[in-house]
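Q: Residue numbers (the working numbering), protein chains in the order written: chain A, 2 to 313; chain B, 141 to 405.
What the hints contain is simulated information worked out from the structure, not anything from laboratory work.
Ideal Cβ positions, reconstructed from N, Cα and C, are used throughout, including at glycine.
Hints may contain errors.
Not the full set, but computed from the structure, chain A residues with beta-carbon under 8 Å of chain B [stated by the list, open to error]:
| # | residue |
| --- | --- |
| 1 | K29 |
| 2 | L49 |
| 3 | G50 |
| 4 | P105 |
Covered stretches of chain B (chain A as the covering partner; in silico rule of three or more C-beta atoms under 8 Å from a C-beta of chain A) [said to hold, decoys possible]:
| # | region |
| --- | --- |
| 5 | 178 to 186 |
| 6 | 229 to 239 |
Residue-level listing of the chains:
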Amino acid sequence: MIEVRGLTKRYGDVLAVDDLSFDVQPGKVTGFLGPNGAGKSTTMRMVLGLDRPTSGAALVNGRPFPTSPEPLREVGALLDPSSVHPGRTGRNHLRVAARTNGVPLRRVEEVIELVGLGRAARRRIKGYSLGMRQRLGIAAALLADPRVLLFDEPVNGLDLDGVRWIRGLLRQLADEGRTVLVSSHLLSEMEQTADRLVVIGRGRLIADATTAEILSGLGHGQVRVRSSESEALLVRLRERGLTVARIEADELQVQDATAELVGDLANAAHIPLRHLAEVAQSLEDAYLALTGTSVEYHGGRDEPVLTTEGAR
Amino acid sequence: MTALVTPVREADVPSWRVLARTCAAEWTRLWTVRTTGFFLAAAAGVMVGIGAAAGFDVATDPVPPQGDPAWAIVPVTAMPAQFALLALALTAVTSDYATGGIVPTLQWTPRRTILLLARLLVTVGTATTLGVLLGLGSALAAFTAGRPSLTLPLDEGLDVLGTIALVFAAGTALAVGLGFVLRNTAGGLVTVFLLMLLLPVLLPQFGYEWMTELAQVLPGSGAAFLLLGEVPGMTQTSSVTTMLAWAGGALLLGWLRLLRDDANR
């Protein structure tokens, strides 16, 4: 289990992580989402003791990770796959890792086969593609059979087979009772693999909920309704204090409501309905709605960034 | 992968074992990159090569000296060769920062004091042992090439090799410390060359007393006195003290930076 409590990191005037608190439970794949520069990597680095928090703490299995005498048995992590000595072979890179934690060298051969590096393991890392470096990093993370796994963008550089493999691996690791935290900018990947999502923006926690809850709008659901008496329905809904937008002449979109509520209101007013449905969001929609105001870096476009407000 | 998560055997791992494992990893880390071989070859070429050349010089002398010890050439060859081993020690630290390898290094060994100790023990131990072995090789090369004019007395050999070990150990400890302080290969190499060679030679040339005194507290002056004995104003004690103080100071600063700062930012 990972516990993050009031974690803050400041670089001069820049507040990279701002009083962040969340838990990552075992037995689940937890997705870690946020725009570029949101503080995901910095948070992971602080969990691993690589960066010193300005304040707050991160505990892994109940204690700070840097105090662990056998850290590789505690946490396996893939951060930046390019952060390796390019002149060493893949096998020797893993042998160094194994020796630090007293892992038998035969385990090195096992993880090489597990990640599919095979004969490439005897080549120097400078000849590896990004995908091969990812696989090497994953091999190092799995080397000592750790209880907690952290992966920062693990599918970067992987081909389709590799993506499907990592998807299955993450699920398998969680099903074995391990704690799995995965950051990714590929929302479709997270939608398929994550049981829970921690969403941050500008270093702050935006959402910490199950993937299903975030997809359903975190209690801020939207309802589409069609009626031949849409004007009367609009008045009724607004009288109830709901935010309503007209989509078509006969179609309305109601914010922060359920289909049950809208149906009951229409029925009480004897307004006939032709269509009534809660709007299913994609993770991309939900993510944009959550992080729209937290995007620090985006392209030079004129239109405003889509936000929760803008979607209404 | 195993089906069940195995319990961690934390209580079974005392600190000395963590240090021993980290030393084993550092040994593998050092000998699995080509740079180590290049620096070793350079040091061997200088020490054994100059030793053999000096022996040939004696052998071809029309009036060869009789009974001179072959050990006399060893400190002379060690003076330039030390820079290859200083660079080896420095890059053993800074290459981790240059390549980003410090990130996995500190994931695998997050106890930073243990990492510094292990890297110090392995790097300094390796460089010192290599220096002593190459010193022996240099003397043997000189003795073989200069037979029968040169001798190889054991007691003098122990004295010379002991001095080589001290100079190489203190010098490479300084290089390791500077590596952790500066985290930069180019900056580290420049600093090592300035402290160990250029400033001790150049400063006294200006003729100011304070510059001469400054040169005498630089580690290069201590190394030059211990190896060659030709540095005015230096003594055995001041040379040893100077070298150890610089090594200790650099290691202390490197340790503080390693403990306090982020891994590689």
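Q: Each of the hints needs a verdict: does it hold here or not?
A: Hint by hint, here is what the structure shows:
1. Because the beta carbon of K29/A sits about 14 Å from the nearest beta carbon in chain B, more than 8 Å, this interface hint is broken.
2. With a least beta-carbon distance of about 6 Å to chain B, the hint placing L49/A at the interface is held under the 8 Å criterion.
3. Proximity of G50/A to chain B holds as hinted, the smallest CB-CB distance being about 5 Å (cut-off 8 Å).
4. With a least beta-carbon distance of about 12 Å to chain B, the hint placing P105/A at the interface is violated under the 8 Å criterion.
5. Only residues whose C-beta sits within less than 8 Å of a C-beta in chain A count toward coverage, and the region 178 to 186 of chain B has 0 of them, not enough to reach three; the restraint is violated.
6. Figure legend: the region 229 to 239 of chain B, annotated as covered by chain A; annotation consistent (3 residues with Cβ-Cβ distances under 8 Å, at least 3 required).
In this structure, the hints that do not hold are numbers 1, 4, 5, in rising order.
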